[in-house]
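Sequence order for the protein chains is B, W, A, D and R.
Take 1 as the starting number for the first sequence in this note's numbering and just add one per residue.
Take 1001 as the starting number for the second sequence in this note's numbering and just add one per residue.
Take 2001 as the starting number for the third sequence in this note's numbering and just add one per residue.
Take 3001 as the starting number for the fourth sequence in this note's numbering and just add one per residue.
Take 4001 as the starting number for the fifth sequence in this note's numbering and just add one per residue.
In case anyone wonders, no lab produced these hints; they're calculated from the structure.
Take the hints with a grain of salt, since some may be wrong.
[Stated by the list, open to error] SDA-like mimics (lysine to any residue), calculated; alpha carbons at most 20 Å apart, straight line: (1) LYS3071(D) with ILE3112(D); (2) LYS4040(R) with ARG3036(D); (3) LYS4040(R) with LEU3030(D); (4) LYS2129(A) with ASN2144(A).
[As the list claims (entries may be wrong)] Chain W regions said to be covered by chain A (calculated; three or more residues, Cβ under 8 Å): (5) 1001-1008; (6) 1091-1103.
No residue lacks a Cβ here, since even glycine has one placed at the ideal position from N, Cα and C.
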Amino acid sequence: MAEIEQFLKDMGGKITNKIEKKKRLYFNVTNDDLQDIADYLFNKMGCRLSTATAMEMYHGLEILYHFSLDKTGQYFCPRIVIKDKKNPKVNSITSIVEGAVWIEREMFDLWGIEFIGHPRMEELLTLHHPGTVKKPLRFREVGA
Amino acid sequence: MKRLFIDIPALMDSKSSIEDIQCEYFYHRKNPGQFSLLEIAEFAIYCRQCKDAFCVTACPKEALERQEDRLIKRFNMRCVGCKSCILACPFGTIFPEVINYITAKCDYCLNQLSENPDFEPLCSKTAPPGTITMKEISAEDPDNHIFLYGDHLAIKSHHWRHKEDKV
Amino acid sequence: MKANKIPIGPFHPLLEEAEYFELTVDGETVVDIDMEIGWMHRGHEYISEMKTFTQSIYLVERICGICSTSHPLACVHAIEDIDNIEIPLRARYIRTLVGELERIHSHLLWIGLAGHFIGYDTLWMWAWKYREPVLEMFEIISGNRNHYGMMRVGGVAKDVDPEKITELYKHLDMIDKKMVMVAKVVRDDPVLKSRLKGVGVLTHEAAVAYCAVGPTSRASGVPWDVRRDEPTDAYDLVDFEVIVLPNGDVYDKAVVRVLEIIESGKIIRQCLEKLKTVQGPIINNVKEISPGEGIGRYEAPRGEVFHYIRSDGTNRPIRHKVRAPSYVNIPTFTASCKGIPIADALITLASVDPCYCCTERSIKIIDQKHGHQQIDLLKSSREKTERIRREIHGN
Amino acid sequence: MGWYNKRLAKSLWVFHVSGSPCNNCDIEILDLLTPRYDIERLGIKLVGSVRHADVLLVTGVFNKKIAPKIKKIYEQAPKPIFVVAIGTCVSGGCCFKDSYNMVEKREEFIPIDMYVPGCPPKPEAMIEAVAKLVGVLNG
Amino acid sequence: MIAWILFHLFVFPGMLFTGILGLLIGWFDRKLSARFQFRKGPPLFQNFNDFFKLLGKETIIVKEAVKSVFIIAPLAAFAVLTLISTIIGLALFYQRGFGGDIIVVMYLTMTFSVMVILGGSATGNVFSSIGAGREMKLLLADELAFIIILLVPIIKSGYQIRFDQIIAVQQASGPFIGSASGIIAFIIGMLCIQAKMTLAPFHIPEAETEIVEGPFMEYSGPLLAFWKLNHYMMYVIFPFLLILLFWGGFQFQGIGILWAVLKYVLIVTVMIIIKNTNPRIRIDTALNFFWRYASPVAFIGVILAVLGV
Ligand code: SF4
Ligand code: SF4
Ligand code: SF4
Ligand code: SF4
Ligand code: SF4
Ligand code: SF4
Ligand code: SF4
Ligand code: SF4
């Protein structure tokens, strides 16, 4: 796969824990490199941001971005690990990908992850919620 | 080597419910990983390894299969939790509460251990003291009824083969 | 002001999902739009993580009644992606068959509603009338009109018998003819054309920036279709064309949809033809899902449905992420609605097919100059059609 | 009230309330109005204002955001009013009952007189429900 | 005497007769409309059931509403319609009238529209207010044309402003509809009626799917029942008025009865057909239509009438 090789050549220094599967590439990046990677994937390679998945793992919160290279059906999935579960903060990629606005707002709503540099960091699903909800919706403290 | 040690008789005797034991992985909280450990223990230690296994024949979904190491294994994508196998087993070795429809797996908290060798898993913290612990066990100790299963699990129980002097 | 509180949003005569749009207008022009969602949030992802994989498939089916086979399909694709599970050939054809039938039913539903929104009720009645045989075909295949429950990890749940196939052919022949008619109406009707052409343009750049999917982006010249780009099921075994149009206006979106209906008809024919000859099992019995992560997607009528599933080796996912197409398509309103007249706002909102009923028909409008007021979007939309109709037909 | 109930039975005006459904029940309700099932034969009419309604057709598992709105809708309806729950969602929560965003007792927000189970119920089932309601009203 | 007046007012041809006939003809309307949409339509006594059911329902008076107006409007409208129907009915069935009754009827119809406007705006609901506003504009639109065409039978009957005289003249020398001016006035009259009854294409104030039944949105129970009844009573009043003014009234001997029924049903059918084959138009189109075209044409009718054609 020429795209993957090219990508690894250009960005190889910034990624760790690479897992390669058929048409899927998962790898870890750091918060500081995230925007570079997103910029490369979105603007240089012409990927589309399918969505981003936040999940709670034993070691903290994880955000997995799914960039789809539609020409070949290849997926690039940069993963960010946030150790600080109490007060998670990540750089926003909305300045690079316009379509990430809702995706990041939803993560804020469900997991309480704050995106630095997001133009409108407020709830998406529970905005103007009439009742009282325990926010963030999905986050459970481990060991509770 | 550090292994997860389960003292099954003590666990069964303790008054607290087995359901109260929690697992480090929150997403499977309602059905923590110990069940999968107990299931392994059942099939590895109590099971008589019948030649023509009743449980395997009874299973309507072909979920039970004998592995190459002769142990029975349950494939949980097939099992529908009907518990026919429990009824079928003439030795009563399969406990109903252990064969779950929705299963969870214990990974012996290897991830956490790799980061912190002194890590104490949540199951060990929430279980009755001494029944589940993460401790150094180097070899099997049949006289004290401690048997190993795989690399990371140690079980304290009465092994039927040991009782009948077959090991 | 009390106007904000009118339950026109969530509860409207012709069945609505609750969704709330807020347009800011300057005179007659829309300058900004804001959307509020969350009335339908049921926590699917969370529930799915407490269910087994097999149960999850039926759960995601109930995300929505209109894409009710796209979500299960994407979900099983994701599970199969973890272990690269092979699917029997016959099952692949059946999956494609059901998926394409759903596309026809969903697009027809949309065409009908779009017609209704611009005051073209004949089109509405027509489209909905021809939707009924499609539902009947579903009933023949799966036994249910709406939630089919056909998908399983590794295959499908029910087979399509030979006698069913003959009956399906009968229905298909009938639909096919009507579809050509509907397509002709949508493409050639002068009123419809001048009503929709140049309205609510979503430029190519905006479609890319907002990561729009499906007909919404294909009408803007973004040539992506999951069916072709990552062929799963039988899509690499059948011939079909991906419809791409350049302009990005509502008219193109409508045309993309009608042409897709005709393509779907072709695919269904090919599948039925193959089902007559291809024999074999319909499900590959899966024992276990190993730990790992998988991504599954499917080109739903509205665009790419995306499912991400992470497994830890048990029989249930530890993370299940769902992204419906409308979720990325709805934010494109910000781009396509700015600067258009109010009369066009409704049809522009409807043009991405935000799940049939997501779009509100009356919307709170904040006029920057004149303060709050309520304007009837459906009405102004219909009036414009009327005006054009008069211009064309001469009074 | 027998005479009055008979009148009521012949003239049920329905209003559709959707509380986080999956749309399918709603589509099937609309199907009732189309030529194929045509429930106007039975005097049933879909009205646009809750003030005119005799029957509220409720669908969906109410999520926490929409439930208060549904309560308000019910309060706005003139009594006597019947509430018919369409779909398994309202009666049992369907597969959503474990969610964190669901209200636990839907009956707290809207008293339900009749349940039509099914996911979604067939239009025929809904017609039967109406017939039952008519039967009850007729004594 | 008093008893007779009461009888006329409340039983025949006033309240009871008009109400019942209206509800029946309302069923006819719904049935025919259903057939247009390939449906079966409601059963015969549907409207009676609807009416009595609504009577037994709770009346909700909205907090924001002006209470007195909210309640009085439908009842006053009902009273107005009863009065109109009595006057028209007396002229039709008993050949009785009084000086200037035609002007009284004209004013009363206007009063009815005013009641709708008042009722709509009293609810304090945005959609109702929009509906009321539209009703007002519609009144502005159709009223002039309506008044002008009323002049035609007056002129043709030798400047009589009494219904009984108008009928008498027509029975003596043939209905006015036979003349050029009469037919023009009749057609414009049909259109005005369509607008006055807010039927398609002029159902702008009640646009059901748009503004949720317009002025009547917040009404419930008995008050709504009266609005519905009012609506159906108009199905009787206006066709009767047209028959009276242009079509020579009713004769009740022999074949005349059949002919009378036929005339009535014909007019109603035409109304329903117009209603079902036309889309809704915009309020300014309606204004435009009535002021630009209908009124001048009606005026030509008047001139023709003066010329005796
Ligand atoms: S060792 Fe860790 S993974 Fe296993 S049961 Fe205990 S807490 Fe859970
Ligand atoms: S419980 Fe599972 S393994 Fe046991 S018999 Fe039933 S399906 Fe088979
Ligand atoms: S519960 Fe499952 S396994 Fe049991 S009978 Fe039903 S479908 Fe079969
Ligand atoms: S559970 Fe009862 S009914 Fe079912 S197979 Fe066993 S004995 Fe028969
Ligand atoms: S029947 Fe019981 S003892 Fe025999 S193999 Fe099965 S579980 Fe073991
Ligand atoms: S995109 Fe719309 S129609 Fe499709 S599943 Fe989602 S909500 Fe339903
Ligand atoms: S079986 Fe069907 S109706 Fe019942 S909970 Fe599951 S999805 Fe809902
Ligand atoms: S009952 Fe089923 S079809 Fe109806 S809304 Fe609920 S999930 Fe959808």
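How the hints compare with the structure:
1. LYS3071(D) with ILE3112(D): holds (12 Å)
2. LYS4040(R) with ARG3036(D): Holds - the C-alpha atoms of ARG3036(D) and LYS4040(R) are around 10 Å apart, at most 20 Å.
3. LYS4040(R) with LEU3030(D): Holds, at roughly 17 Å.
4. LYS2129(A) with ASN2144(A): holds (18 Å)
5. 1001-1008: violated (count 0)
6. 1091-1103: It holds, with 3 qualifying residues against the three required.
In summary, the structure is inconsistent with hint 5 from the numbered list given earlier, while agreeing with all the others.
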